[in-house]
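Participant: Chain residues, written in single-letter form:
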Amino acid sequence: EPEVTQTPSHQVTQMGQEVILRCVPISNHLYFYWYRQILGQKVEFLVSFYNNEISEKSEIFDDQFSVERPDGSNFTLKIRSTKLEDSAMYFCASSADGGGTEAFFGQGTRLTVV
Amino acid sequence: GENVEQHPSTLSVQEGDSAVIKCTYSDSASNYFPWYKQELGKGPQLIIDIRSNVGEKKDQRIAVTLNKTAKHFSLHITETQPEDSAVYFCAAATYQAGTALIFGKGTTLSVSS
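Line by line, the protein sequences give chains R and B. When we follow the numbering used here, the leftmost residue of the first sequence carries the number 1, and every step to the right adds one. When we follow the numbering used here, the leftmost residue of the second sequence carries the number 1, and every step to the right adds one.
Quick caveat, the hints were computed from the structure, so don't treat them as lab data. Among these hints, one or two may not hold up.
Here are the simulated distance ranges between beta carbons [unchecked claim]:
no., chain 1, residue 1, chain 2, residue 2, range
1, B, D59, R, R80, 39 to 47 Å
2, R, S66, B, S12, 39 to 47 Å
3, R, D71, B, E83, 33 to 41 Å
4, R, S27, B, Q14, 41 to 49 Å
5, R, M15, B, T78, 46 to 54 Å
6, R, A96, B, S12, 34 to 42 Å
7, B, N67, R, K83, 36 to 44 Å
8, B, N53, R, G16, 27 to 35 Å
9, R, Q11, B, G16, 38 to 46 Å
Below 20 Å or equal to it, Euclidean Cα-Cα: the simulated DMTMM-like pairs (lysine to aspartate or glutamate) are [as the list claims (entries may be wrong)]:
no., chain 1, residue 1, chain 2, residue 2
10, B, K105, B, E39
11, B, K42, B, E15
12, B, K37, R, E102
13, B, K42, R, E44
14, B, K42, R, E1
15, B, K105, R, E59
16, B, K105, R, E44
17, B, K105, B, D27
Ideal placement from N, C-alpha and C gives every residue a C-beta, glycine not left out.
Let's have the full structure, built from the sequences with the hints guiding it.
Facilitator: As structure tokens, this is what we get:
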């Protein structure tokens, strides 16, 4: 069964450092998403991406965040200067279509900022 | 924007009992309502979804009902099993390109044998 894969599974970084979280969406999907989940809290939308541009972003997705599809398979989330409050589980998801169709989630990257 | 409320936050049942989790949403434009199951250390996995053109959908032991007028939807799990133990999230979305899923806060379901 096709799946969304994320690397690394766990990343520890110093406050102020840049991190890049990587995702390989399902190959025939067109829409890509990043969500985050702070420990014990709900899953929160960060950004959606389609046709090489951002479709929608939340208030959380400020200038410290950026997304990119550097090649035909990877989808990345960059945090330029990490803060302690960026510590969370980050999930990548993809869907074949826009809203109203199944979004498949990856297993997540646990980001710990120290 | 959309806001999704989910209750209860925790639910404990005996194996074989039914479990019901309820969600309400605020944006009448939302028309897609998925339910996700999240097991420890894993990403959310879709278990069932419903669109606003139907009132109920069933898949084996799992069913979802939707009341558009009242803006609430519910997940029903019958004949619960220990492997149903997980965190369940409801979500709401509007059918348009790249739209976000807005999640509820989750319900931790514990099924004891």
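Participant: A separate judgement is required for each hint: does it hold in the structure or not?
Facilitator: We went through each hint and held it up to the structure:
1. For the pair D59(B) and R80(R), the supplied restraint of 39 to 47 Å holds, since their beta-carbon distance comes to about 43 Å.
2. Distance hint for S66(R) and S12(B): a CB-CB separation of about 43 Å, consistent with the stated range 39 to 47 Å.
3. Between D71(R) and E83(B) the C-beta distance comes to about 38 Å, which sits within the given range of 33 to 41 Å.
4. For the pair S27(R) and Q14(B), the beta carbons lie near 43 Å from each other, so the given range of 41 to 49 Å is met.
5. Between M15(R) and T78(B) the beta carbons are some 48 Å apart, a value that agrees with the proposed interval 46 to 54 Å.
6. Here the CB-CB span from A96(R) to S12(B) is close to 37 Å, well matched to the stated 34 to 42 Å.
7. A hinted range of 36 to 44 Å for the beta carbons of N67(B) and K83(R) is consistent with their spacing of about 41 Å.
8. Checked against the hint of 27 to 35 Å, the C-beta distance between N53(B) and G16(R) comes to roughly 49 Å, which is inconsistent with it.
9. Taking the beta carbon of each, Q11(R) and G16(B) are about 42 Å apart, inside 38 to 46 Å as hinted.
10. At roughly 15 Å between alpha-carbon atoms, K105(B) and E39(B) fall within 20 Å of each other, so this suggested pair holds.
11. Proposed proximity of K42(B) and E15(B) is contradicted: the alpha carbons are some 23 Å apart, above 20 Å.
12. With a CA separation close to 14 Å, the supplied pair K37(B) and E102(R) stays within the 20 Å bound.
13. Between the alpha carbons of K42(B) and E44(R) the distance comes to roughly 16 Å, so the proposed pair stays at or under 20 Å and holds.
14. A C-alpha spacing of about 16 Å is found between K42(B) and E1(R), which places the hinted pair at or below 20 Å, so the restraint holds.
15. With a C-alpha separation of about 18 Å, the suggested pair K105(B) and E59(R) falls inside the 20 Å cut-off, and the hint holds.
16. For the hint pairing K105(B) with E44(R), the CA-to-CA distance comes to about 10 Å; that is within 20 Å, so the pair holds.
17. A distance of roughly 17 Å separates the Cα atoms of K105(B) and D27(B); the hinted pair therefore holds under the 20 Å criterion.
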